[in-house]
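These protein sequence lines are chains A and B, in that order.
The opening residue of the first sequence carries number 1 in this note's numbering; numbering runs sequentially from there.
The opening residue of the second sequence carries number 1 in this note's numbering; numbering runs sequentially from there.
The set of hints was computed from the structure by calculation and includes no laboratory data.
Any given hint could turn out to be false.
Claimed, not checked - In silico BS3-like cross-links for lysine-lysine, where the CA-CA straight-line distance does not exceed 27 Å:
{"hint": "1", "chain 1": "A", "residue 1": "237", "chain 2": "B", "residue 2": "284"}
{"hint": "2", "chain 1": "A", "residue 1": "309", "chain 2": "A", "residue 2": "196"}
{"hint": "3", "chain 1": "B", "residue 1": "340", "chain 2": "A", "residue 2": "265"}
{"hint": "4", "chain 1": "B", "residue 1": "329", "chain 2": "A", "residue 2": "110"}
{"hint": "5", "chain 1": "A", "residue 1": "91", "chain 2": "B", "residue 2": "42"}
{"hint": "6", "chain 1": "A", "residue 1": "262", "chain 2": "B", "residue 2": "284"}
{"hint": "7", "chain 1": "B", "residue 1": "196", "chain 2": "A", "residue 2": "262"}
{"hint": "8", "chain 1": "B", "residue 1": "284", "chain 2": "A", "residue 2": "265"}
{"hint": "9", "chain 1": "B", "residue 1": "180", "chain 2": "B", "residue 2": "110"}
{"hint": "10", "chain 1": "B", "residue 1": "262", "chain 2": "A", "residue 2": "284"}
{"hint": "11", "chain 1": "B", "residue 1": "91", "chain 2": "A", "residue 2": "91"}
{"hint": "12", "chain 1": "B", "residue 1": "91", "chain 2": "A", "residue 2": "110"}
{"hint": "13", "chain 1": "B", "residue 1": "237", "chain 2": "A", "residue 2": "284"}
{"hint": "14", "chain 1": "B", "residue 1": "196", "chain 2": "B", "residue 2": "10"}
{"hint": "15", "chain 1": "B", "residue 1": "262", "chain 2": "A", "residue 2": "340"}
{"hint": "16", "chain 1": "B", "residue 1": "196", "chain 2": "A", "residue 2": "340"}
Claimed, not checked - Derived, one-sided and incomplete: chain A residues facing chain B with beta-carbon distance under 8 Å:
{"hint": "17", "residue": "65"}
{"hint": "18", "residue": "80"}
{"hint": "19", "residue": "87"}
{"hint": "20", "residue": "91"}
{"hint": "21", "residue": "117"}
{"hint": "22", "residue": "288"}
{"hint": "23", "residue": "317"}
Just so you know, even glycine gets a beta-carbon here, dropped at the ideal spot from N, CA and C.
Protein chains: 2
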Amino acid sequence: MTEKKKLTLKDIAKELGISVSTASRALKEHPDIAKDTIRAVKEYAEAHNYVPNFLAVNFRKSRTFNIGLIVPELVHHFFSTVISGVIDEAKKYGYNVLVSQSNDLLHDEKIACRAMLASSVDGLLISISNETLEGDHLLDFISEGKPVVQFDKITDKLDTPKVTVDDLEGAYNAVGHLIKQGYKRIAHLRGRENVKNANERFQGYFKALTDNNMQTSSNWIKSCIAISEQEGYDFAKELMESPNPPDAIFCITDLVALGVIKYLKESGYTIPEQVGVMGFSNWKLAEVVSPGLSSVDQHGYNMGIKSVKLLIELIQNHDLENQATLELKTNLVVRESSLKQPD
Amino acid sequence: MTEKKKLTLKDIAKELGISVSTASRALKEHPDIAKDTIRAVKEYAEAHNYVPNFLAVNFRKSRTFNIGLIVPELVHHFFSTVISGVIDEAKKYGYNVLVSQSNDLLHDEKIACRAMLASSVDGLLISISNETLEGDHLLDFISEGKPVVQFDKITDKLDTPKVTVDDLEGAYNAVGHLIKQGYKRIAHLRGRENVKNANERFQGYFKALTDNNMQTSSNWIKSCIAISEQEGYDFAKELMESPNPPDAIFCITDLVALGVIKYLKESGYTIPEQVGVMGFSNWKLAEVVSPGLSSVDQHGYNMGIKSVKLLIELIQNHDLENQATLELKTNLVVRESSLKQPD
Numbered sequence: 001m002t003e004k005k006k007l008t009l010k011d012i013a014k015e016l017g018i019s020v021s022t023a024s025r026a027l028k029e030h031p032d033i034a035k036d037t038i039r040a041v042k043e044y045a046e047a048h049n050y051v052p053n054f055l056a057v058n059f060r061k062s063r064t065f066n067i068g069l070i071v072p073e074l075v076h077h078f079f080s081t082v083i084s085g086v087i088d089e090a091k092k093y094g095y096n097v098l099v100s101q102s103n104d105l106l107h108d109e110k111i112a113c114r115a116m117l118a119s120s121v122d123g124l125l126i127s128i129s130n131e132t133l134e135g136d137h138l139l140d141f142i143s144e145g146k147p148v149v150q151f152d153k154i155t156d157k158l159d160t161p162k163v164t165v166d167d168l169e170g171a172y173n174a175v176g177h178l179i180k181q182g183y184k185r186i187a188h189l190r191g192r193e194n195v196k197n198a199n200e201r202f203q204g205y206f207k208a209l210t211d212n213n214m215q216t217s218s219n220w221i222k223s224c225i226a227i228s229e230q231e232g233y234d235f236a237k238e239l240m241e242s243p244n245p246p247d248a249i250f251c252i253t254d255l256v257a258l259g260v261i262k263y264l265k266e267s268g269y270t271i272p273e274q275v276g277v278m279g280f281s282n283w284k285l286a287e288v289v290s291p292g293l294s295s296v297d298q299h300g301y302n303m304g305i306k307s308v309k310l311l312i313e314l315i316q317n318h319d320l321e322n323q324a325t326l327e328l329k330t331n332l333v334v335r336e337s338s339l340k341q342p343d
Numbered sequence: 001m002t003e004k005k006k007l008t009l010k011d012i013a014k015e016l017g018i019s020v021s022t023a024s025r026a027l028k029e030h031p032d033i034a035k036d037t038i039r040a041v042k043e044y045a046e047a048h049n050y051v052p053n054f055l056a057v058n059f060r061k062s063r064t065f066n067i068g069l070i071v072p073e074l075v076h077h078f079f080s081t082v083i084s085g086v087i088d089e090a091k092k093y094g095y096n097v098l099v100s101q102s103n104d105l106l107h108d109e110k111i112a113c114r115a116m117l118a119s120s121v122d123g124l125l126i127s128i129s130n131e132t133l134e135g136d137h138l139l140d141f142i143s144e145g146k147p148v149v150q151f152d153k154i155t156d157k158l159d160t161p162k163v164t165v166d167d168l169e170g171a172y173n174a175v176g177h178l179i180k181q182g183y184k185r186i187a188h189l190r191g192r193e194n195v196k197n198a199n200e201r202f203q204g205y206f207k208a209l210t211d212n213n214m215q216t217s218s219n220w221i222k223s224c225i226a227i228s229e230q231e232g233y234d235f236a237k238e239l240m241e242s243p244n245p246p247d248a249i250f251c252i253t254d255l256v257a258l259g260v261i262k263y264l265k266e267s268g269y270t271i272p273e274q275v276g277v278m279g280f281s282n283w284k285l286a287e288v289v290s291p292g293l294s295s296v297d298q299h300g301y302n303m304g305i306k307s308v309k310l311l312i313e314l315i316q317n318h319d320l321e322n323q324a325t326l327e328l329k330t331n332l333v334v335r336e337s338s339l340k341q342p343d
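Same shape as in the complex, but just chain A (with noise of 0.2 Å):
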């Protein structure tokens, strides 16, 4: 940093390796932050001449009543949902959306923050990507007083208020129900180890077992890395060909269950009969396929509404301090695919 450029709250809390919103609220006092900190946050502030109400007034200065919004991929039904939710909602409040997709890639993520950095938006909605850990890119927002809001894909890493699915919940009421169908060796189709959701889907599964005192292998648990119907292909070809094969198969999402059932009916396997299948996230497909796919909803409409609802919220109240953490419950849709037992 040259001596010229303004300090900023981003500078300050990279410098003491705290989080921005620390450094703001430490600058105010706030009683949730340690003596120390608040102590070390205003020394270098006073050092380094940084003008604390700064952010405030160019926070009203800077208004564009656009916001922007990052999903991973486009071409995808619940992303769409959301992205439709998002639009209608912030239309009600005078707000334009500006979307942008990473391509589930980290250096596109960057690249399009910077976009619509430069396009001042008032405030960033953002799905992460499969490849971001950190979020240190978003930060940039926050310092330049713009306020995120993270949703479905997150990372805890960043302190911003988040929009979720209760995954965990979604995942242990889906295997729940396929072994109250009477499935005894249920496989899971996971995602990434890195990636949030895909752990909190492998832990609801893991839960709804071990609550049911049944064992699993870690044979029977895969990790799939693009989320592919190729994927479920594979691994369900992988499964079944081993010498312990599963009764049931949990996948990460709808589209790689539609790899499984393809599979599966071109080997000859009866679905449901002889394997249960069940998907995540309930798209149009679910309902089109044949045997039609249980899954789980994760209504995307909602999560937009819900999403750009905080955000405008956070952008009127020049709020960069909130951590607000708002769960959305799922509900199990069950079709053929996991039926094996019809009332």
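Please arrange chain B on chain A, whose structure you already have, making use of the hints.
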């Protein structure tokens, strides 16, 4: 109009009953414009103190590097692919994209347009709603020096560049394929009569029948309003229960075809043996449904790229007079639903 308000190109066009681009070209004495028109426009402009260079000057100043994009529906596979193409391509030129939806309602489309104008977009990409017949509200962009490009669902009543697919040829090839497969009584579930692409698909259907010396009946042609799965289901029922049922049904979109397949399967008809089914758009669901649905691929991603490239070119060239029409080719994707005579 009060005396104080600055006269715009739109005012002149309206007063003289000509299009904005005609008025603009008349002022520049463009050779394509009739002498009388040129004289009338120039006289009117002079009498009302019109400042002819206003647009060009304003143009450069107001650049925001934001583009507006309005589609009928966001939760729609085809439009998602178009949006994805627009955003990916716009990024290369440093443009962000404000996205909105009209829900296929004229009222909502007007609101979306006003919001985009308020946000000072540099230009607009729009696929109009089913209710939009004239598109006068789009002139507000042109009179503010912001080019408009229409794509997919367009109106010829507005002189703007247009990017469409060759719907007529797509439908012609689809119905030609049904004829080659030996279907003799081909019904068509078409779209609204005031919607251009619905008319072109109907014309393609009709031309394929005529060129092959085949007949149709008005009883075999039904107009969908909502373009929904339910309409497909209901019309299929009506057609198949009629005294002279068809042996193939060509549908305006895959979603309508989905309803047709649902009805046929429920009622015990075999597809493609007893009844062939053809969709249009080639959504993901066409691949997923059983039997696989033959359809016409519209290459939405490419349409998005082409449309935004054209718009950016117009913005960069300050070109409000361009009326280029780009017609993209479709291709037929044959799956089981129409394959009566497999090789």
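- Query: Can you name, in rising order, the numbers of the hints this structure does not satisfy?
  - Reply: Numbers 4, 5, 7, 9, 16, 21, 23 - these are the hints that the structure violates, sorted from lowest upward.
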